[in-house]
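2 protein chains.
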Amino acid sequence: MSSARDTSMANAFIPGSSPLPQTMEALVERRERVLGTAYRLMYQEPIHVSRGEGVWLFSPEGEKYLDAYNNVSSLGHSHPAVAQAIARQASVLATHTRYLQDEILDYSERLLATFPPAIDNVMFTCSGSEANDLAYRIAKYQTGGTGVIVTETAYHGITDAVSQFSPSLGPNVPLGAHVFKVPAPDNYRLGAEAAAIVLNGVDVALDAMAARGIKPAALIVDSIFTSDGIFAEPRNFLAAAAQKIRAAGGLYIADEVQSGFGRTGTHMWGFERHNVLPDLVTMGKPMGNGFPVAGIAAQSQIIREFGLNARYFNTFGGNAVACAAAMAVLETIQSERLMDNARQMGDALRLRLAALSARYPQIGDVRGAGLMIGVEIVAADRAPDKTETTRLVNGMRKRGVLISSCGAGHNVLKIRPPLIFQPEHVDIFVAAFEAILSRPETAGPL
Amino acid sequence: MSSARDTSMANAFIPGSSPLPQTMEALVERRERVLGTAYRLMYQEPIHVSRGEGVWLFSPEGEKYLDAYNNVSSLGHSHPAVAQAIARQASVLATHTRYLQDEILDYSERLLATFPPAIDNVMFTCSGSEANDLAYRIAKYQTGGTGVIVTETAYHGITDAVSQFSPSLGPNVPLGAHVFKVPAPDNYRLGAEAAAIVLNGVDVALDAMAARGIKPAALIVDSIFTSDGIFAEPRNFLAAAAQKIRAAGGLYIADEVQSGFGRTGTHMWGFERHNVLPDLVTMGKPMGNGFPVAGIAAQSQIIREFGLNARYFNTFGGNAVACAAAMAVLETIQSERLMDNARQMGDALRLRLAALSARYPQIGDVRGAGLMIGVEIVAADRAPDKTETTRLVNGMRKRGVLISSCGAGHNVLKIRPPLIFQPEHVDIFVAAFEAILSRPETAGPL
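Those sequence lines, one after another, are chains A and B.
Here the first sequence stands for residues 783 to 1228, where the numbers follow this note's numbering.
Here the second sequence stands for residues 783 to 1228, where the numbers follow this note's numbering.
Hints should not be assumed to be uniformly reliable.
[Unchecked claim] Listed next, with one range per pair, are the computed distances between beta-carbon atoms:
#1 GLN804(A) x GLU835(B): 54 to 60 Å
#2 ASP1129(B) x ILE796(A): 30 to 36 Å
#3 ASP989(A) x ARG1164(B): 36 to 42 Å
#4 ARG1028(B) x ARG994(A): 34 to 40 Å
#5 ASP989(B) x ARG1017(A): 41 to 47 Å
#6 GLN866(A) x GLU807(B): 48 to 54 Å
#7 GLN866(A) x PRO1143(B): 51 to 57 Å
#8 ALA1130(A) x GLU835(B): 17 to 23 Å
#9 GLN866(A) x SER799(B): 55 to 61 Å
#10 ALA1162(B) x ARG994(A): 41 to 47 Å
#11 SER800(A) x ASP989(B): 32 to 38 Å
#12 GLU807(B) x ARG1017(A): 42 to 48 Å
Treat the hints as calculated values from the structure; they're not laboratory data.
Owing to the predicted nature of the structure, the values given are computational and were not obtained by experimental measurement.
C-beta: ideal position from N, C-alpha, C; glycine also.
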């Protein structure tokens, strides 16, 4: 047991690293006193928020922050349709799913209509972690195996089982002995070979399992490789990966917690960009725009035996308030054509960022799909530049724009604005970014 | 992999077992189509609910049910203070805990004030399962062990890790090889020996672990042994059990998902009835009166190393809406003295049930504390009578009163009314119960 504070979260506030305003110091102190050591704040100078509206977060003192980071409040903060749906249903009924209720059925049918017909069942949890945990339980039951394959810097959640296949949590959360990693499809560094290298990695992982007598349960993949550094391309190779895991007796699980609900701009679900049909799909974060609701969608034959024999009950999962929130989110995405907006705004933002890369050599790559955008920050020879990345993230925060970082080298800017982003927000983002790019000497305010 | 439908849930609706009203058949059919095989309904004839208010649930057709089962809506269904708190906060802010926010600190301080001073940290999750899962992760980290001791028919939740130490899930969810069971403190059958038998069980379990080279991580105990059959007495022996697990290097975890938040009538937390100071406490169900919020409370030195090194982040856990709901619940419990009410109503209900036991020999035992009540249903020689238990549960449902069953023999009526129960509800409950007791020939309506 090491007592060194973990440094695997690149963008964490380090207590005592720099002086804070007094009111903020007091909050930090209260927080450490009651919440303890496990909680992290973001940014060298954390932010204090008391209100959110649309793309904006506000401090009690009236500072405002453009939220270009949060993949939960996908419709914008405090969206009135969601808030009203929650308020209405919370005053009528919120009980468990062992009674017949219309809300869960109405929502489930509408949700399943967004999937290919073969994905015909849905099950509800409270968090994406619970969804991935349930998917893993089902995969183990169905296959009789335990082995898991994930990408190099994957994040799938924080339950005991799921944290064991979430290498991005860092060395203090060790991988399980049954967990095997494959390279991420890093087409910035691997170029045209990226897909082949991932697929070869799956073969190597399956061989390594076999050599240890470990039977495969699943290959689980974030369909846009968010914590690996966001790789929207290459595409389509995931179908071949799914074929390999199935041939070895395992399941293919698409983790859509990041790429789902239209974020990629062209498809409701990230796996559709790859023309792969998953056995199980997991979803979470934006599903309730902040209300705790998540779940899995599945081919019914995959969950049938598990369901008959092991059953599943999640006290709050799929309750009527959760379903009302989720229904409001789905209806708004569809009626306001937010997926289209994500595509247009994402294209516009990436174009502007790519233009900056001509003048600022530290921008090694601009990539992504829709409003899931990665900007790779490098030194000479494409070497990951974590220091400059941290400077940019904190510089943006000082200018009132919230982003963070990801990737194995902690050197990819993670940009995930709400799907309601507008051209003026792209302008604000780019202006702030150029300002901090052009002033390498300081992360301080203009 | 067996394909027989599991029968370990005593009170489950069996599709096709008896004819249902047509609208209900249609809902059951929709449910099976979209939710699949894992979901269970309660009762031979399920109930269809569309509204809840106070102690009552209502069907769209206006049938009403006295809810004497649900340990989530502890303040009553759709409590206005909770609904308003949720509505207000959902329209203002619901974002993650990596920004400074007042709501989580205000609630945490108020919550911790209900604990002994040594319990000085709180961490938030979305469900009781996630709370127990996190407690187990911490216990493993802190102790370097993996071994878990639980009671014979314990239920602690449904994540992959936690389901492995939840024997009540039945034989299709096998225990982990690192999990060891001890008898429940069944003072109905074991009498004055009950405590000693449990404590001896802990010794035997620790020996069994040692013989297998398994290092102990934790003893985890529902402080009122709900799924074991509800044992409010004997008391105090848990302090000795805690001493034993600590001497062996493990932690003592009090699972307060069932016994917490005043349900036992005399103490906010069930462990206080036993004069034991836990290392970790987990809580959930009634914490948000239906809003998905749960968590752990801990002695800060227990979570310190885990927190520094492994960190913890739960996207929805502790968000401002969850904290607003939880704050409204805690304030209401305190300002309306609901713990006192639970004690008085629980005493009254148990007294009336005990009086019935003189006339109805199938009532073997009436026990519990506050509004956590178990009624053991037996045949000759205290043999568990699951058939009669199922008849009583379904008979009560036909008379509009909702309860369920628990215990290793599925023969203990599980009675958990909301803490706002009033004398007239006790009357309704007892009248329905006597009616069904006195008509052994039928579970049908009067």
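Cross-check of the supplied hints:
1. A hinted range of 54 to 60 Å for the beta carbons of GLN804(A) and GLU835(B) is inconsistent with their spacing of about 47 Å.
2. At roughly 54 Å, the beta-carbon separation of ASP1129(B) and ILE796(A) lies outside the given 30 to 36 Å, and the hint is violated.
3. For the hinted restraint 36 to 42 Å between ASP989(A) and ARG1164(B), the CB-CB distance of approximately 58 Å leaves it violated.
4. Under the hint 34 to 40 Å, the C-beta atoms of ARG1028(B) and ARG994(A), about 36 Å apart, fit the expected range.
5. At roughly 57 Å, the beta carbons of ASP989(B) and ARG1017(A) sit outside the given window of 41 to 47 Å.
6. Between GLN866(A) and GLU807(B), the C-beta spacing of about 33 Å breaks the proposed range 48 to 54 Å.
7. A C-beta distance of roughly 55 Å is found between GLN866(A) and PRO1143(B), which places it inside the suggested range of 51 to 57 Å.
8. In this structure, ALA1130(A) and GLU835(B) break the distance hint of 17 to 23 Å, their C-beta atoms being roughly 50 Å apart.
9. Distance hint check: the CB atoms of GLN866(A) and SER799(B) are about 41 Å apart, inconsistent with the given range 55 to 61 Å.
10. Checking the proposed 41 to 47 Å range against ALA1162(B) and ARG994(A) shows it is violated: the Cβ atoms sit about 55 Å from each other.
11. Look at SER800(A) against ASP989(B): about 54 Å separates their beta carbons, and that is not inside 32 to 38 Å.
12. Roughly 45 Å separates the CB atoms of GLU807(B) and ARG1017(A), a value that falls within the hinted 42 to 48 Å.
Of the numbered hints listed earlier, those contradicted by the structure are 1, 2, 3, 5, 6, 8, 9, 10 and 11.
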